[in-house]
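Participant: Here is what each chain is made of, one letter per residue.
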Amino acid sequence: MVDSQVVLWGQTIAYTCYALAIMALMAWFGYKITRQGDAYKAPTKLFYAFVSVLIVAGVSLHIITYNTIPWAPMDMNRADIKADKVFEITVANHQFNLPAERMIIKVGEKALFNVTSADLTYGFGLFRRDNSMLFQMQVVPGHNNDILWQFNKPGVYSIRSTEYSGPKGAQMIVENAVEVIE
Amino acid sequence: MKFIETFLHGEEGLFKPKTLTPMQKLVLRFVVVSLVFYFFALFEGMLMRIMQVDPSLMPADQYFGMLTAHPLVGIFGSTYSLVFGAFLFLVPFLMKKPIWSFKLANWTWILIAAGTMIFWTAGFLTHYSPLYTLYWPLPADFTQFNPLGGAIFITGIAIIMVGTAFFVINIFATITYTPEGWEKQPSGKLIKSALGIDAFSNLFKKRDKQKEHLVSLPVAAVARGTVDVALNAGIILFTGVLILVYMVAYLMGYDLKHSAIDALLYKNWFWWGLDLIADGLVLIFVAGTWYLLAMLITGKQLFMQNIARAALLVELVVSWTVWSHHLMSDQAQPGILKILSGELVTAFELITQGLAFFITLVTLWSARPLKMTNPLKFLLGGLLGFGLAVPAGIMQADIGLNRILHNTQWIIGPHVHVAILVGLTMTLYSAVYILFPIVTNGAKLYSQKLANVHFWFHLIGGIGMGAFMGMAGLHGMLRRTLYYNGEFNLYMILAALSGTLMFIAFLAFFYNIVMSLGLNGVIQVFTPSKLDVKDTVPAAE
Numbered sequence: 001m002v003d004s005q006v007v008l009w010g011q012t013i014a015y016t017c018y019a020l021a022i023m024a025l026m027a028w029f030g031y032k033i034t035r036q037g038d039a040y041k042a043p044t045k046l047f048y049a050f051v052s053v054l055i056v057a058g059v060s061l062h063i064i065t066y067n068t069i070p071w072a073p074m075d076m077n078r079a080d081i082k083a084d085k086v087f088e089i090t091v092a093n094h095q096f097n098l099p100a101e102r103m104i105i106k107v108g109e110k111a112l113f114n115v116t117s118a119d120l121t122y123g124f125g126l127f128r129r130d131n132s133m134l135f136q137m138q139v140v141p142g143h144n145n146d147i148l149w150q151f152n153k154p155g156v157y158s159i160r161s162t163e164y165s166g167p168k169g170a171q172m173i174v175e176n177a178v179e180v181i182e
Numbered sequence: 001m002k003f004i005e006t007f008l009h010g011e012e013g014l015f016k017p018k019t020l021t022p023m024q025k026l027v028l029r030f031v032v033v034s035l036v037f038y039f040f041a042l043f044e045g046m047l048m049r050i051m052q053v054d055p056s057l058m059p060a061d062q063y064f065g066m067l068t069a070h071p072l073v074g075i076f077g078s079t080y081s082l083v084f085g086a087f088l089f090l091v092p093f094l095m096k097k098p099i100w101s102f103k104l105a106n107w108t109w110i111l112i113a114a115g116t117m118i119f120w121t122a123g124f125l126t127h128y129s130p131l132y133t134l135y136w137p138l139p140a141d142f143t144q145f146n147p148l149g150g151a152i153f154i155t156g157i158a159i160i161m162v163g164t165a166f167f168v169i170n171i172f173a174t175i176t177y178t179p180e181g182w183e184k185q186p187s188g189k190l191i192k193s194a195l196g197i198d199a200f201s202n203l204f205k206k207r208d209k210q211k212e213h214l215v216s217l218p219v220a221a222v223a224r225g226t227v228d229v230a231l232n233a234g235i236i237l238f239t240g241v242l243i244l245v246y247m248v249a250y251l252m253g254y255d256l257k258h259s260a261i262d263a264l265l266y267k268n269w270f271w272w273g274l275d276l277i278a279d280g281l282v283l284i285f286v287a288g289t290w291y292l293l294a295m296l297i298t299g300k301q302l303f304m305q306n307i308a309r310a311a312l313l314v315e316l317v318v319s320w321t322v323w324s325h326h327l328m329s330d331q332a333q334p335g336i337l338k339i340l341s342g343e344l345v346t347a348f349e350l351i352t353q354g355l356a357f358f359i360t361l362v363t364l365w366s367a368r369p370l371k372m373t374n375p376l377k378f379l380l381g382g383l384l385g386f387g388l389a390v391p392a393g394i395m396q397a398d399i400g401l402n403r404i405l406h407n408t409q410w411i412i413g414p415h416v417h418v419a420i421l422v423g424l425t426m427t428l429y430s431a432v433y434i435l436f437p438i439v440t441n442g443a444k445l446y447s448q449k450l451a452n453v454h455f456w457f458h459l460i461g462g463i464g465m466g467a468f469m470g471m472a473g474l475h476g477m478l479r480r481t482l483y484y485n486g487e488f489n490l491y492m493i494l495a496a497l498s499g500t501l502m503f504i505a506f507l508a509f510f511y512n513i514v515m516s517l518g519l520n521g522v523i524q525v526f527t528p529s530k531l532d533v534k535d536t537v538p539a540a541e
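Just so you know, the protein sequences line up as chains A and B, in that order. Sequential numbering of the first sequence, starting at 1, is according to the working numbering. Sequential numbering of the second sequence, starting at 1, is according to the working numbering.
Among the clues, some could well be false.
Under the rule of at most 25 angstroms between Cα atoms (straight-line distance), these lysine-lysine pairs were calculated in the PhoX-like manner [what the hints assert, rightly or not]:
hint, chain 1, residue 1, chain 2, residue 2
1, A, Lys32, B, Lys300
2, B, Lys300, A, Lys45
3, B, Lys189, B, Lys96
Some chain B residues judged to face chain A by a derived CB distance under 10 angstroms, without partners named [what the hints assert, rightly or not]:
hint, residue
4, Tyr63
5, Phe64
6, Asp262
7, Ile307
8, Leu344
9, Ile404
10, Asn407
11, Trp456
12, Leu478
13, Thr481
Negatives, chain B to chain A, calculated, CB over 12 angstroms [claimed, not checked]:
hint, residue
14, Glu44
15, Asn106
16, Asn202
17, Phe204
18, Asp208
19, Gly234
20, Met252
21, Arg403
22, Gly442
23, Thr500
By construction, these hints were calculated from the structure, which means they are not laboratory data. None of these values were measured; they are calculated from a predicted model. Ideal placement from N, C-alpha and C gives every residue a C-beta, glycine not left out.
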């Protein structure tokens, strides 16, 4: 499965190019609008062409990501996919209660993290050693909160609450909680 | 001596408060309240930026108390004040009829200012900090928060919602009522025109299609956005009462069960209401303001104005069905809602807001050459802000990308802060600069150089702050938390420097306004006017 860091790089490049383009466009527009020019009546077909571009852009983004980001279809269909490992985790009083045995996953395995909260709304995220995020989900009390993830690289990950649950929530970190081995 | 003279009486003494109508004074009161609370939000924002670099400077509970108050002060105390003030002035001004109730309008700013001060003080003193999201059961978690402080905090918000309800009543009553001595106004037709029901029913008529719009496009935008204001006030009031029930019960010795309320259902309900602001009234009001500004700046009709009018109605309907993009990381949320509401309806905002962007630019282009005035440059800044922030939002409202973006600094930086500080605020500044001579009866701006500083520092600071927050988010930095080991200090220092630019921009603007009106003038805005309350601007002699 493609690593989430690769997807983030793709997004960084795409959005940076877009941001630079729209800033350049507005700078150009701001300059040109103060200059003398021919009286210009924009044709309505230009307007409809622009709207068509927006529709294509808005819809195609989701089609492209659904077909290129592997965890998207896996997440939507996780009830029908058999996990290689299942980890039951509970959260209460700003503490993660992890399984008694260390969470070790082999490269290529699909692991299901099933997290339940006994009191507040929390978050559950796995983070790399450089603090970048592998994935996250919300942990809502009274509901099942499960995420299926396929690990394709060896590494050690920390767990961190990704949702605010009061000032104590900032300390909800379990270092080196998940290990992925060859 | 000239400095003191200008400081006391304004630039060239041109601002004469005695010539102001009650409506002009009213809108200036809203502006003053808005600027004061903008300063609150800005100052708190800067303190939090510093805390992001060095969290040891302040206790964590105080930081999160500030994090709770910051967006509420910014949205309700500042933005609601400015927008409500402007619209309570503009609707009667554009419809050439007196406001329905001046008293109610006056109570609106008083209640918003009082409510904001109440919740801010309660939060400051008791550190009540469930954040604006109020995820259940956090607002009623009395192991963490003082129930009395919380009850006062929620009461402050409720008072603001009462002021908001007064605004809603006044706007719709002003559009539909018949002023004394006037020929009977067609109330039903006016409200249909304002809400777009007539244009919608035209689609299904073969004959007798209504060709004229009784209500102008900017007033229609105000009316449609006000529908979301009303719905949102209802949701927040209801939620506030629910939380208050738990607080009062606790104070009386009863501990109500949190599990009586389903946390996910509550989250859906509350986000449905909150999105009526973020993806509803803000976008509708902004689009309407762009159209009005484009028409005022160019003196021309709006390009594709019937489409623009229809799009405002589409935007209203979209705002009722878009909330689920906030719950894409909630695994118990039905997948169909994530796809339909979270992805597809949200993508509609790219279309509606892109359309407003395009129409405004083409309208401006049709009138070139234009002079690069303050309203025009701030309007372009506002357009750029949404041009940057809306696509950033569409990207995060995606099932795949949300998994690695949700609750990171990406959300709050390139999307939220760029949308609010660059998109919304610069649009509002454009409106302030264009309305300035109208509501002050021709007062002169003290310094154009300061206006330029205001523009460039705000634009660069706003985009810079959003960009550095976004970079931190893409590297895994979460929002709504603190990092104690300097993990993201480089980005946070750069974001703080960008924030400093915005702080300087505001000081330049505030100083410029005070020097333009004079301290005496600002104070006299709060004294009653002796002119006729029915006149929006002074009657021609």
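Participant: Going back to the hint list, which numbers does this structure go against?
Facilitator: 11 and 21
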